[in-house]
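Listed below are the residues making up each chain.
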Amino acid sequence: MEAKNKFEPRIVGFLCNWCSYAGADLAGTSRMEYPPNLRSIRVMCSSRVNPLFVLKAFQEGADGVFIGGCHPQDCHYMEGNYYTRRRFMLLKRLIEYMGINPGRLRVEWVSASEGERFAEIVREFTSYLERLGPLDLRRRVCEGV
Amino acid sequence: MGLVKKRHPRIGVYVCHCGQNISSVVNVSEVRKYAESLPNVVLARENRYTCSDLGQSSIAKDIKKHELERVVVASCSPRLHEIAFREVLDSSGLNPYLFEMVNIREQCSWVHSKDKEKATEKAKDLVRAAVARSTLLEPVEKIKKDVTKAVLVIGGGIAGITSALHLARAGIKTYLVEKEASIGGHMAQLDKTYPTLDCSLCILSPRMVDMKKEPNIELLSYSDVVNVEGYVGNFTARVRKNPRYVDAEKCIGCGICSDVCPVNVVDGFNQGMMHRKAIHIPFPQAVPNAYLIDKVNCLHFQTGACQLCAKKCDNNAIDFNQKEEFLDIEVGAMIIATGFQLFDAKRKKEYGYGRFSNVLTNLDFERILSADGPTGGKIKRQGDGKKPDSIAFIQCVGSRDENFNTYCSTICCMISLKHAIQVREKNPETEVYIYSNDIRTSGKDLEEFYKRGRERGVYFIRGLPSEIQEDPETGELILRSEDLNMGRILENRVEMVVLAAGVEPPPSVGRIMRKLHLNQSPDGFIMEAHPKLRPVDTNIAGVYIAGCAQFPKGIPETVAQAGGAAMASTEVVLKDEIPIEETTAFIDEEKCSGCGICVNVCPYEAIKLTDKGIVEINEILCKGCGSCAVACPSSVIQQTHFLDSQIKAQINAILSD
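Chains as they are written, first to last, in our numbering: chain R, 11 to 155; chain D, 4 to 660.
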């Protein structure tokens, strides 16, 4: 019974096609188990992820947002991940100002060969969000918390 | 755009069992039923294998019969079969971009096997998001580009040579770039090849000569690829031709220059066991058969004192003023055949390579066995010239080792066995031991070869020595190991040790991978597009791999893969035009304020600010990262197939249950 009532964080992931999505696929082909909380959206490059998408996800009920890109220097589009890094450094500060724990937004570099790293990040992020509890942004906004 | 946008397109959803790969974890019927309940979905089906002919034709039939306007397939990774399914749409009269794929295998059933219920819930969420996205999908017209009818092969070992010969004989202009002064690669260093024990150069050298004779091949030796730009059908490679200081056209390879050269240099081709001159030819059968000066050791370059070689050369081939040259080569496809480097056995400190003169690597031993090597093919110790009474081969040096490379280098067992047989056949009185975890003999005629080794009296010991010690008096080596078959500790004294050093990706391959944005496997080799069905393709269209650049392999497998890579490149360059599948950015020019922020963000200089005070996007230069779409403060730049509205619909749907 206890397990049923356990808080299950809802995570939206944005994975770049060339590195992180491929890394997530490798975790699959290598049968590396990780919790089923992440729902991912494939984009060509992490730099396609508009900060507004992240805010939208929090607004719609996500407890955490994950953005996966290629390692620095390895971006398929040469420098897309550098934009990602800068944009989300700033966004983290903005969401903190808004009262959202910046730890709920996770930006990581996962290469196509790092299946285990991908699985480990999802495990770790999920358990971090479990400890943090639900974000419940909409209720908080409505109630003026 | 002349396009009728329908708010309620007719969507068909196909949920795949993938045999049992998906259905053993995800409740496929439940997902299918759920899909039926989603808005705009007019039909949902289950397939055992959606990618099969049966699965594909059922989609094609439904598109016609049920007038489907969108197709959603929930199965494996889109990286695997998205293109195949798009083609089904295309041939059924539906724009291929009106297709959406849901990954419920790699990113669901294969990673959530312990929680079937939640895996099913996740699959439903993902299908819901895909249906929401597909409702907003729009047709995309492909851009077609002309194809440059030439191929670049990088690396001139047996892999590159084989690919280049196939291509040239099929009538295709082929450039082969080799970083060393001669083609031939590692195979040229080998004495004999397993399991036939035929002389390596005797089978390689005719092919090297063919390379020179073949009019369709342009051989660029002593050259590096320094940059690559472009895309399938139209690559431009910048090649640096390093100066040989000898005009290869004039040099006839007589070798008089080398005879008079006063500088002796350690010879890398002979693994440092012999000397060559500062002006030298890599090995007697080199192609091109031309000398070169190694600048670092040449007296002329170092002190300005000597020009003996130039004085002696009758053909005036020596040119101290030669400079590096840069060539831009245009090709439609590329083959990466950059080979391997041997594991540096010094890293395995406990075996004393580099400290003990009688500990060699397998490649050193090749040179010892070779007729033009340091001992003229006689098995002798380097230090004292003694014929060893006993030799031990140690397997898995740097391979299958948690401290170094965890993979099996696949060829070292057979190399040591080849050496062991050669020793026993040359000197039957020499005792030969092979220390191994196990001997791997998978491959044609290899088990028989192993049997031949046993018949020749080679001792096989299961267990690797933990350490090698040297007796400084005699130069003998003391090996202590476990003997797993006999269940005892074994101490053995031998007069020579040969380490079966493994195969590693060469450092140069990292540079090429980065330039081309190729994916790398966890072991450092270039990752193939699919481990089974696309072993010569990479993640980049028009770039193929052959030989040890992909993974360690023997000569027959290398030659076979090189043929495959040649065929795959032929497929590209025989076409007159090729569709470029880029999801490029576009702009609503009426709303553009001309701020120019996007211009700086674009890594491809595809965005230009025009005289009209607005920006223009060049869809040929655009590679479709979508970064500009995020940077645009007015949100008037969008990326085809990744529109804000489409992504937002996915976010909403994922979170809307």
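Everything labelled a hint here was simulated from the structure, so no lab data went into it. Note that this is a predicted model, so its numbers are computed, not measured. Glycine included, C-beta positions come from ideal geometry on N, C-alpha and C. Keep in mind that the hints are not guaranteed to be accurate.
Here are some chain R residues pointing at chain D (derived, C-beta under 10 Å) [as the list claims (entries may be wrong)]: (1) Tyr93; (2) Thr94; (3) Met99.
Consistency of the hints with the structure:
Nearest Cβ of chain D to the Cβ of R:Tyr93: about 5 Å, under the 10 Å cut. The hint holds. Taking 10 Å as the C-beta contact cut-off toward chain D, the hint placing R:Thr94 at the interface holds, the least distance being around 9 Å. For R:Met99, the suggested interface contact is broken, since its CB lies about 14 Å from the closest CB of chain D, more than 10 Å.
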